[in-house]
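Protein sequences, first through last, are from chains A and B.
Once you know that position 89 of the first sequence is 89 in my numbering, the rest is easy, because the numbers rise by one and skip nothing.
Just remember that my numbering sits 1000 ahead of the position in the second sequence, which is counted from 1.
Hint data in this document are derived by calculation from the structure and do not stem from the laboratory.
C-beta atoms are modelled at their ideal positions from N, C-alpha and C, and glycine is treated no differently.
Hints may be right or wrong, so weigh each one.
[As the list claims (entries may be wrong)] Sample of chain B residues lacking proximity to chain A, with all beta carbon distances greater than 10 Å (derived):
| id | residue |
| --- | --- |
| 1 | Pro1080 |
| 2 | Glu1127 |
| 3 | Ala1159 |
| 4 | Pro1197 |
| 5 | Val1215 |
| 6 | Val1233 |
| 7 | Thr1406 |
| 8 | Gln1466 |
| 9 | Gly1467 |
| 10 | Ser1470 |
[To be verified] No more than 30 Å apart at the CA atoms, straight line, and that leaves these computed lysine-lysine pairs for DSBU-like:
| id | chain 1 | residue 1 | chain 2 | residue 2 |
| --- | --- | --- | --- | --- |
| 11 | A | Lys43 | B | Lys1077 |
| 12 | A | Lys142 | B | Lys1480 |
| 13 | A | Lys142 | A | Lys48 |
[Claimed, not checked] Covered stretches of chain B, going by a simulated chain A footprint (3 or more residues, C-beta under 8 Å):
| id | segment |
| --- | --- |
| 14 | 1163-1177 |
| 15 | 1472-1478 |
| 16 | 1495-1509 |
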Amino acid sequence: MTRAAIVGIALVLLVPSVSAAQMTFRGFGEAGFTVFNATQSFKAILGKSSGPVFGGGVELGERQFFLSFGAQRFRRDGHRVFVFENQVFQLNVKDTITVTPIDLTFGYRLRSRGLVPYFGGGPTWYRYVETSEHATENEDVKATYTGYHLLAGAEVPLRRWLAAAVDAQWAAAPNAFGDSPTSVASLYGEHDLGGFTLRARIIVGR
Amino acid sequence: MFRSKTAGVLAIVALAIGVVAAQDSTPGFRTFISDRTPPGIDNGLRDKDAPRPPRPYPTDLSSRDGAPYLHGSIAVKFRPGTAPAAQQIMIGRVGASSMDAPSYADFNIVTIDEGADPEAAAAALAEQPDVEYAQARYLVHPMFVPNDPLYVQQWNFPAIDMERAWDLNPGATSSIVVAVIDSGVAYRSLVLRRNIPSWRASTGTGVFTFPALGVVDIPFAAAPDLAGPDRFVAPRDFIWNDTDPVDMDGHGTHVTGTIGELTNNSVGVAGMAFNVRIMPVKVIDSLWDDILGSPFQGTDDVVARGVRYAVDNGAKVLNMSIGRSGPPSPLLQEALIYATQHGAFVSIAAGNDFEQGNPTEWPAAYANSIQGVVAVGAMGRDRQRAYYSTTGPFVELTAPGGNQRTGGTAGGIFQQTYDLGFVETYALGPARYTAPRFDVFAYLPFQGTSMAAPHVSGFAALLMQQGITSPAAIEAAMEKFATDLGPSGRDDQYGYGLINPRASLRGMGLAQ
């Protein structure tokens, strides 16, 4: 188990020590835009190294500390390629990449009226699925990679049960993709599935 | 156009006085009396015939002396900017007086004395200060090894996983033109009226005189399982110097079948890239071309011009199931470079002379120094190097070429070509010798690196259709995904290994 996972579990154990009367439970939906760290690899297959993500999750906390559990989804169609002397030849074989990061975040909110800044971090588990036309079962990729993330943002209360937030998250999954000879990530030496994400949240709950 | 008889006489006279150049200014050397004949006769699969002895016809016309080059002329390339007067002085130093610049060439053909040694003359000319290179006009020949016909099935396509490769790319499209630089192709119907004179031929058992047959009509037809609407583009014959490169041997037609035989049509056999268009470019003379008095022969310079012609007329893949041993050929080397620089991929047979001392084969030996040109060795049904397949550092890939020594007749590569019984009529001997017919077809098993190279050409067409447009990248994609055979890594027997079209066509993903 990685250090990030251990930290996450420790945080979960800490939360019950907070008085139940002070606890809040909220749910959120989010939309954002991720730029992947494996820039060349994503660009080769998908034509660009970034794209929209959508997700949601739940948050448990008290006035300052919180623990959230969220998931996003990135999915985009591209083509398999051949790379020769840094030139990428797009092949007529459709390739679909789905990335589902699952974050466990321990965060801290600054005391403030109106705008409430917050920051946090924790482990991330990436579910990575890559499928292509005419592939056999063992040619498609279904793998889970472990990483971690840091985030910072600010929340604005809108109503008694409703708030909005914007944050920026940086994440890394440094041992992703493997070393297949048919992997452009391996060819480029890019083994990090993480990335930088800007996102907006709508939070419901109190 | 001259009538055929006149043209034939002119051709003979021209040859006699050693005039070998000025090919484009020369009128046609033959006249086809009709461009329509009945459809070709398909005799079907010939797997029950008695075994045929290897290539039973005479090995050469007695008019040739067995030299690997033409007498009476050499090829030369001067450095850019060399004044014509200086060129004349230099060729004068080797006893030559006239020089011609053929089309589709950046070199000249210099006429020398018939009795002079072309290699010595070329060497002397090459030492002149403004000469980039000079060489004899070496004869190039087809690469197939004759076979024993007992057809079983096209094992060659499953051996390279083609069924699954066709799922990814079903036979390319007509936007890809593949040039077959060979003995011609049975691509159209024609009737050639020609006087067949008496001729003498040498074999291993002596010299035979074949009687004159007089004026005969020789029918040609398109191979039924190869021809289709708009299938052929920009045909060119450098042996007869016209635009009717009909095959008088069967080699080029068989090779073309492996590249693009019509497939999934409920007829005959399949081909690799069955939707491509074919450019027949004839640069090799068969025995019948020689008997009928073709004005030119398959020399290096003729082949080089064929290569340049194909590229200039839109071919993106060139198949060269031809070659020769002997000294290198700078003009062929430059033609290959020209091809790749203009976006054409070239597949060349590595050679069939492993058991004849395994000499270096040209132009195959240029392959490993030119990205986008591949030399192809042959394997049998047992996935072992075929006994004849030449080895060397220039061998880059292996493809099915057949091995009937270990695999019997079924170990050959089957394609539709002429029923050779109607072509090799001289094999019956002078007493039963008749005029040939080039309109009767059968499915015959051949073996040779000639049969391996077109697998790679068809493969290249699929890759080009799939999106890899650079010849160098096509070669890299073939080599990267090849199935390693023999010693680990690249080796002189198999090169990078057996082609793996499906893997190459599938390419690379982000993670796998």
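Now for the hints, and whether the structure bears them out:
1. Pro1080: At about 29 Å from chain A, B:Pro1080 clears the 10 Å cut-off, so the statement holds.
2. Glu1127: About 38 Å separates B:Glu1127 from the closest Cβ of chain A, which puts it past 10 Å; holds.
3. Ala1159: 19 Å, holds
4. Pro1197: 54 Å, holds
5. Val1215: 54 Å, holds
6. Val1233: 23 Å, holds
7. Thr1406: 31 Å, holds
8. Gln1466: With a cut-off of 10 Å, B:Gln1466 comes too close to chain A, as the shortest Cβ separation is near 5 Å.
9. Gly1467: 5 Å, violated
10. Ser1470: 7 Å, violated
11. A:Lys43 with B:Lys1077: Violated, because 47 Å separates the two Cα atoms, which is more than 30 Å.
12. A:Lys142 with B:Lys1480: 24 Å, holds
13. A:Lys142 with A:Lys48: 22 Å, holds
14. 1163-1177: holds (count 4)
15. 1472-1478: It holds, with 4 qualifying residues against the three required.
16. 1495-1509: holds (count 7)
Going down the numbered hints, you'll see the structure goes against 8, 9, 10 and 11, while the others check out.
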